[in-house]
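Chemist: Residue numbers (the working numbering), protein chains in the order written: chain P, 1 to 482; chain A, 1 to 477.
No incorrect hints appear here.
List time: in silico PhoX-like cross-link candidates among lysine-lysine, alpha-carbon distance up to 25 Å: (1) 131(P) - 336(A); (2) 375(A) - 81(P); (3) 344(A) - 131(P); (4) 81(P) - 376(A); (5) 336(A) - 138(P); (6) 392(P) - 403(P); (7) 276(A) - 302(A).
Source of the hints: derived by calculation from the structure; they are not laboratory data.
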Amino acid sequence: MSDFKPTIGIETHVQLKTKSKLFSGASNDARQAEPNTLINHIDFGLPGALPVLNEEAIKLACRAAIALKTKPRLFSTFDRKHYFYPDLPMGYQITQYDQPIIVGGKVEFELDGKLKKVGITRAHLEADAGKSMHPDGKDYSLVDLNRAGTPLIEIVSEPDMHSSAEAKAYAHELYLLMRYADVTDGDLYHGNMRFDVNVSVSKNDALGVRSETKNINSFKAVEKAVDYEIKRQIELIERGQPIIQETRGWNEAKQKTTSLRSKENADDYRYMPDPDLPPIVIDESYVKTAVKDMPKLPDVWRSDLSQLGLSKMQLTVLIDANIDYVECSYLELITEFAQRNLDVKSLANWLINVDIPLRRESKTTLNQYRFKLYEGVLKLVELGKLNSTSAKELVERLLSLDKLPSNIENFAKNSGLLQTSDTKEVEIIVERVIKANPKAVHDVQGGEDKAIGFLIGQVMASSRGQANPEVARELIMRKLKV
Amino acid sequence: MIKHSWLALDKIADSVRQGSVSAVDLTKKALTLIDDNNDYNTVILKLEDRALELAKEVDRKVKRGQDPGPLAGVPYIAKDNFLVYGGEARAGSKILNGFVPPYQASAVNRLEAAGAICVAKANMDAFAHGGSTENSDFGVVKNPYDKTRVPGGSSGGSAAAVALGLVPFALGTDTGGSIRQPSSYCGVFGLKPTYGLISRSGVIAMGSSLDCIGPITNSAADAALVVDVMAGRDPLDATTIERVKEGYVAKPLNLRGLKIGVVKEYVGDGVADDVKQAFAQTVAKLKKAGADVHEVSLPSTKLALACYYIICPAEVSSNLSRYDGIRYGYHDESSKSLEESYVKTRGQGFGKEAKRRIMIGTFVLSSGYYDAYYKKAMTVRTMLIQEFESAFKTLDFLVGPVAPTVAFKIGEKTKNPLDMYMTDVLTVPANLAGIPAASIPVGYNKQGLPIGFQLMSAMHNDRDLLGLAMSIEGLRS
Numbered sequence: 001m002s003d004f005k006p007t008i009g010i011e012t013h014v015q016l017k018t019k020s021k022l023f024s025g026a027s028n029d030a031r032q033a034e035p036n037t038l039i040n041h042i043d044f045g046l047p048g049a050l051p052v053l054n055e056e057a058i059k060l061a062c063r064a065a066i067a068l069k070t071k072p073r074l075f076s077t078f079d080r081k082h083y084f085y086p087d088l089p090m091g092y093q094i095t096q097y098d099q100p101i102i103v104g105g106k107v108e109f110e111l112d113g114k115l116k117k118v119g120i121t122r123a124h125l126e127a128d129a130g131k132s133m134h135p136d137g138k139d140y141s142l143v144d145l146n147r148a149g150t151p152l153i154e155i156v157s158e159p160d161m162h163s164s165a166e167a168k169a170y171a172h173e174l175y176l177l178m179r180y181a182d183v184t185d186g187d188l189y190h191g192n193m194r195f196d197v198n199v200s201v202s203k204n205d206a207l208g209v210r211s212e213t214k215n216i217n218s219f220k221a222v223e224k225a226v227d228y229e230i231k232r233q234i235e236l237i238e239r240g241q242p243i244i245q246e247t248r249g250w251n252e253a254k255q256k257t258t259s260l261r262s263k264e265n266a267d268d269y270r271y272m273p274d275p276d277l278p279p280i281v282i283d284e285s286y287v288k289t290a291v292k293d294m295p296k297l298p299d300v301w302r303s304d305l306s307q308l309g310l311s312k313m314q315l316t317v318l319i320d321a322n323i324d325y326v327e328c329s330y331l332e333l334i335t336e337f338a339q340r341n342l343d344v345k346s347l348a349n350w351l352i353n354v355d356i357p358l359r360r361e362s363k364t365t366l367n368q369y370r371f372k373l374y375e376g377v378l379k380l381v382e383l384g385k386l387n388s389t390s391a392k393e394l395v396e397r398l399l400s401l402d403k404l405p406s407n408i409e410n411f412a413k414n415s416g417l418l419q420t421s422d423t424k425e426v427e428i429i430v431e432r433v434i435k436a437n438p439k440a441v442h443d444v445q446g447g448e449d450k451a452i453g454f455l456i457g458q459v460m461a462s463s464r465g466q467a468n469p470e471v472a473r474e475l476i477m478r479k480l481k482v
Numbered sequence: 001m002i003k004h005s006w007l008a009l010d011k012i013a014d015s016v017r018q019g020s021v022s023a024v025d026l027t028k029k030a031l032t033l034i035d036d037n038n039d040y041n042t043v044i045l046k047l048e049d050r051a052l053e054l055a056k057e058v059d060r061k062v063k064r065g066q067d068p069g070p071l072a073g074v075p076y077i078a079k080d081n082f083l084v085y086g087g088e089a090r091a092g093s094k095i096l097n098g099f100v101p102p103y104q105a106s107a108v109n110r111l112e113a114a115g116a117i118c119v120a121k122a123n124m125d126a127f128a129h130g131g132s133t134e135n136s137d138f139g140v141v142k143n144p145y146d147k148t149r150v151p152g153g154s155s156g157g158s159a160a161a162v163a164l165g166l167v168p169f170a171l172g173t174d175t176g177g178s179i180r181q182p183s184s185y186c187g188v189f190g191l192k193p194t195y196g197l198i199s200r201s202g203v204i205a206m207g208s209s210l211d212c213i214g215p216i217t218n219s220a221a222d223a224a225l226v227v228d229v230m231a232g233r234d235p236l237d238a239t240t241i242e243r244v245k246e247g248y249v250a251k252p253l254n255l256r257g258l259k260i261g262v263v264k265e266y267v268g269d270g271v272a273d274d275v276k277q278a279f280a281q282t283v284a285k286l287k288k289a290g291a292d293v294h295e296v297s298l299p300s301t302k303l304a305l306a307c308y309y310i311i312c313p314a315e316v317s318s319n320l321s322r323y324d325g326i327r328y329g330y331h332d333e334s335s336k337s338l339e340e341s342y343v344k345t346r347g348q349g350f351g352k353e354a355k356r357r358i359m360i361g362t363f364v365l366s367s368g369y370y371d372a373y374y375k376k377a378m379t380v381r382t383m384l385i386q387e388f389e390s391a392f393k394t395l396d397f398l399v400g401p402v403a404p405t406v407a408f409k410i411g412e413k414t415k416n417p418l419d420m421y422m423t424d425v426l427t428v429p430a431n432l433a434g435i436p437a438a439s440i441p442v443g444y445n446k447q448g449l450p451i452g453f454q455l456m457s458a459m460h461n462d463r464d465l466l467g468l469a470m471s472i473e474g475l476r477s
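Kindly produce the complete structure, drawing on both the sequences and the hints.
Modeler: Here it is, written out as structure tokens:
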């Protein structure tokens, strides 16, 4: 099996986050809408209706180009792709066939410590079709045109990937790029990004016959579909059966791909230039303006943050979380800490271990006060008023509030989280601990330093973390006269 | 021919604005004239209720002292491929039976805002495919000068209605001559403006890169007024262009010293003697009036018709894809599957000519044939555009006949589609080049059938073209 080399190319449909559709003024956010409520005469394909390009889509395509490490082309055109289906109201899809807005580019990511580069063949603007539904056991189908005319950018990769892990990592990195470039809402559940995975296997340099598994909407499913296809194709070859060039679908429930239609007789889409749409003509200054307010891309964040001493693991978690919970802006927070010479590593730990998990469980809504919160907690730690356990606990409690308390120290105190350096209080505990642990006492007196740690631990435990460990150590050593 | 005679549009509007005539009376008059001339079959639907409502509003404005606009109370007829409130829009095809438009053509909106009132929908070749109205699903229109002859097409209903005097103007569309050729056959003025000057939004598409909206009128001055109201950028049509600053209400041009080119290829063998003669007479008058007339050759015009009958059907096959009966219009209810529904609905809904053009268009766009047909035709189109451009570097206008013959007999060309297509030979070049062109009536043959004279000018030169037409009208008497 191992002497077969898989080759994978991925076409990705990215839904652009424009307010209205690509060629009509109808709303582009169909997530909450009743079927067929977000349509106008253009989306419905009424006679005499003409598409008019939404300029916002050009702007987002420019950003996508920069994210793909290339430049948008200054001249591009629209074509009509013809086929008959009830969810395609005009009988053609408007797409860029001949002169796409993006040609070339690349996506780079690290996998198992190695840098992987996947080339981009092209990316083009196109309008989505509507949605067809075929209710089980009914003799009719239903069509919802809310999605008809939704702007997409279809990004076609080179067949540069050779494992399911690479395919998954590519899909994930592309997702990050498009999210950070603010091109898409990237809501995978609602199909904002859909992956069509082309897989073939071969024992030599010539490419094998490929299958295309369409409309996958998670990274994990990309990985599984590729694995499944590699296995299926190798088994076919080994059994001496031919591989058919075909379109397949991913069945999430059965965890397998299934044949949708054969591509042996390639569909003839009768492409022609769309006479209703003048070419898109832009210039360098247009592109400059379009990408002016574009947020920092993930690779830039990675290099910036790694200079602050954060580990790759930490970066991965933070970069993923930052776009899932945009309103928190974790990365900006870290930058702000760094700029003020505050301890970035502690912050990263709190974010990763407390903030992000809480956010995932929707247990925090406190979005505006994070800088003050973490700055306040850090100050208490640095003053020796909080140990690391209590600091975590304090962060958790603060994040669960609706509003940040005006005085964090008072809040910590009232919550019983502050370390006590009050010698008398600690002394009582120390005496109790010494009495209760004769063996450890004996060991300490016998010169075993480790046993001091144990006793400090006991003091910390019985003080529920409030004792200052330094104070406890001093007291223990004094009492035991070592 | 019983011809009612209307005043010039500005005169009609003035009398309405002054309150000496009511818009309601004018609307009723037009509707009565339509009824009285039913036998010509120019109109397939009256928009009586909506028209009277609009007319009342115009009259109310006059009473309140508001200005209803430069076309106050002027009734008109729109070709059936315009989406107009108040009734079905079928483009002369039964596949659109029952389709009542929920939005209105931009051109109609602008006319309405200027006080004009659409009273009816004109008969036409289905989907504007044809040059005789014989392809209409609502029967052929009869030529006002000879009921045994066609009025031309596809805007035959519009041209015949104006010739009969049912209304003072009508709207048509011109994809390959569909305004100019019927105007020539019916002895009225017809203008195909520069491509994009008037919005196509809400007009049922034929060949989108060729379709132009224009007026059919009794005079160039009337046409200028109507164009002035409709022209200019429309946010609903990305191919529209800015209007010129001076507007389109032109004055007659001084003919002295005007450089006019007679296109050699337009007066060749295929053109009938009576047409040639009328053309030559007008050219002579132009010379006499001081115009500097030259013969000029545009060799690619010979290829224009072939090129047109590739590009246009390609766009037709695409534009007609949406008529599947699923969302509106005719639908075959007996179908048991999606495929059967497509086949039956489209098979029964479309007429012969639409099917012919869908077949041609589908063929020339098919993979393997695209380069040989469509792409080559687009190359020829570019050459043609360049020839026109270079001609207009030295010449102000080009002239030629509008059609090779006068109006032909009903049924004369229905057997042979190529014969029918030949009637477009002198009009399609202007559509392929996107330039403005007009048909101006200049005389009659011995049988009393009208003959038009075609003017062409450079892109965006509509205003001067109308000015020249006014001057030529002055030479008639």
